[in-house]
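Chains as they are written, first to last, in numbering that gives the first Met the number 0: chain A, 0 to 588; chain B, 0 to 161.
Hints should not be assumed to be uniformly reliable.
[Said to hold, decoys possible] Short derived list, chain A residues pointing at chain B, Cβ under 7 angstroms:
1. Met-0
2. Val-3
3. Asn-4
4. Gly-165
5. Gly-168
6. Phe-169
7. Glu-170
8. Arg-172
9. Pro-180
10. Ala-181
11. Gln-182
Simulated from the structure, these hints should not be mistaken for lab results. Note that CB positions come from ideal geometry on N, CA and C, so glycine has one too.
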Amino acid sequence: MSLVNIKIEGVPYQVESGLTILEAAKACGYEIPSLCTFNHGECNQGSCRVCLVEATGARGLVASCVYPVNEGMEIRISSPKAVEARRRSVELLLSNHNKNCQQCDKNGKCELLHVATLTGAREGAFEGVHSETYIDELAPGLVRDTSKCILCGRCIARCSNAHGLGILGFENRGFRTFVSPAQNRSFANSPCIQCGQCVNVCPTGALMEHSEIWKVDKALKEGKHVVVQAAPAVRAALGEEFGYPIGTPVTGKMIAAMRRLGFERVYDVNFGADLTIMEEGTELLHRVSYGGVLPMITSCSPGWVNYAEYNYGDLLDHLSSCKSPHQMQGAIIKSYWAEQNGYDPKDVFVVSVMPCVAKKFERQREQMNVNGIDDVDAVITTRELAKMIKRSGIIFNRLPDEEWDQDIMGDYTGAGVIFGVTGGVMEAALRTVYYKLTGKEYGKIVFDEVRGHDAGIREASIDINGVVVNVAIASGMKSAKVLLDEIREGTSKYHFIEIMGCPGGCINGGGQPYVRPVFLPNEPDNILDIYKEKRAQALYSEDERQVLRQSHNNPQIQALYAKFLGEPNSHKAHELLHTTYAAREGFND
Amino acid sequence: MTKLSNSAVLKITEICDRYKDEPTPLMMILSDIQNEYGYIPLEVQEVVSKKTGISVAEIYGVVTFYSFFSLTPKGKYVIGCCLGTACYVKGAQQVIDKFSEILEIKPGETSKDGMFTLDALRCIGACGIAPAVSINGTVYPKMSVDQVSGIINDYRNKEANA
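Please put together the full structure from these sequences, using the hints given.
Right, here's the structure in full:
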């Protein structure tokens, strides 16, 4: 990489050529206020005009997010002309913005409000006509409100980068432009998988999760037996909401906080994950032994299941019939747990804390209830849990570390923990399948071949006593599509495939805390490149700390089968823990 | 969602194939479809999306961005009234209002019999003959309000005798 000489505010620097002014300035210790740009050009529309600076050799002011540095360039960020231009840009954005900030769930994390503060554009400098507003609240997972959209296009870029989907696009032109699924449809009537990756990048409150905190409040108020269960990936990221460095596991404090919020029981979805492995591992062995449909594909990720139903209706037989862990555990809470406690299942309310917004859709699927009783009654995201904790006056950092409730479903193994990262379900399943086939534990415990923390396909051939199992792992639908097209063409060599909707798996789910460099001054500059790895490490370290690391060794799982379910894939297990899928039309009316 | 006929799908596929070696074929494909069918509804966009790998939302964005493309069927005769500055000061608004009145449609709409679509155009670059009206490519220079009913009748008669 060659270097070029530049000056910023008259001070000479050497920077890599090819960088944008924004990137070069950051490397030299300047943070130019910017808005539309994100993550090394994942979105670089240059549309918001917030990052304007003076640069020699350019005509007028330039958008630093797209303008490259060159030899001898002199850059002025603080010149009165540049400062005023940036303020004007933000004022113009605000002039067509729904400024009800105090009612906006994004308040405190809003990048528009942040640049407004930085540039001093807080007055209503330009008041005039607003573009027409469209609000979509039909989808269980997502809410879109165009009155808060600044047309940066980050969501459009993320949807196509992560999934190759491109559900969102710009519609119309000029002042009438807005961002929406084709035909200004609801997410509910589009082939949107409701993964929430667009929410994770939206700088304002234009795209948000569909909050269900009110449902939890209502159930608590009504005096129901409200049970909460938290997914593995939540503990790896919740701390970020309370100022912990990214990648700090906060399991004990999270449990303590949930207990103080008034839940009758606080359970780990890892128990459900262990249960999933028992069912899914058995299903895989059955398919292999009796000539069932292969490869079998995991079904834990509701974003992925949505994608399959919309785009690969002909391959649904490949999906494991297992419900996802929290739905399984919900079904057990509403049946066995309620029975053991002498409760009517109708009085039991199950809340799942998930790193995911597609889970909000999943819990409402018609296939996700047993005899008219929903497995799960509300799904809140990691972000929503943080909100509940903050409003309750709990000082999270000062909480003691507490343990999960230990009755019936308190125990869990390291296998369950790693469900939250791409490759984790595969590894957990392999640990148990190895045992089932050989009668002994896999000595190394860890299957390094399947580990990772990013999108992209990983594959491995595992030799288990002479039986070679070919496996593949993909996260993000762009990667998944490659494996699925192979199956469709009949060229797939795999026996078992793990697919997760979000790139990197649940640790990078659409319900996780926002990773926005502007709000994370203590994280390194490349935090957007490494946060997934850091969160994954939090889960792998928890796995290592567990005494029990294989699902089949969980004593409470063993007890559940002995006392209630019989054996894996039994009739009762099928009734409670398994589900069905149906092909769906993408643009449905 | 209504389904397209097999022949329509084949036709659209054929149009997409015409430009399969182009690096950015979308505008050409949409242009041919617009000329072939007179409009580009969502069902057609879905076929183009499958064939080209370009997302439906992006195609929809292009279709709604350019006024040449239409989401709804256009009439057999598309009347384009220029409302650019020169035409406007020469009385184009009165001309388009007259078309509107006689055809009983607003600009952008199509008459019930499917015969006429009325479009308001920005400058078409014919300022020297303002106000200009273009009907299926035939340009009517220096239009006056009095000529409107005669022109419409000409087309109606042409159709009646066809």
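Hints, verified against the model:
no., hint, verdict
1, Met-0, "29 angstroms, violated"
2, Val-3, "31 angstroms, violated"
3, Asn-4, "36 angstroms, violated"
4, Gly-165, "3 angstroms, holds"
5, Gly-168, "3 angstroms, holds"
6, Phe-169, "5 angstroms, holds"
7, Glu-170, "5 angstroms, holds"
8, Arg-172, "5 angstroms, holds"
9, Pro-180, "6 angstroms, holds"
10, Ala-181, "4 angstroms, holds"
11, Gln-182, "6 angstroms, holds"
Going through the hint list in order, the structure does not satisfy hints 1, 2 and 3.
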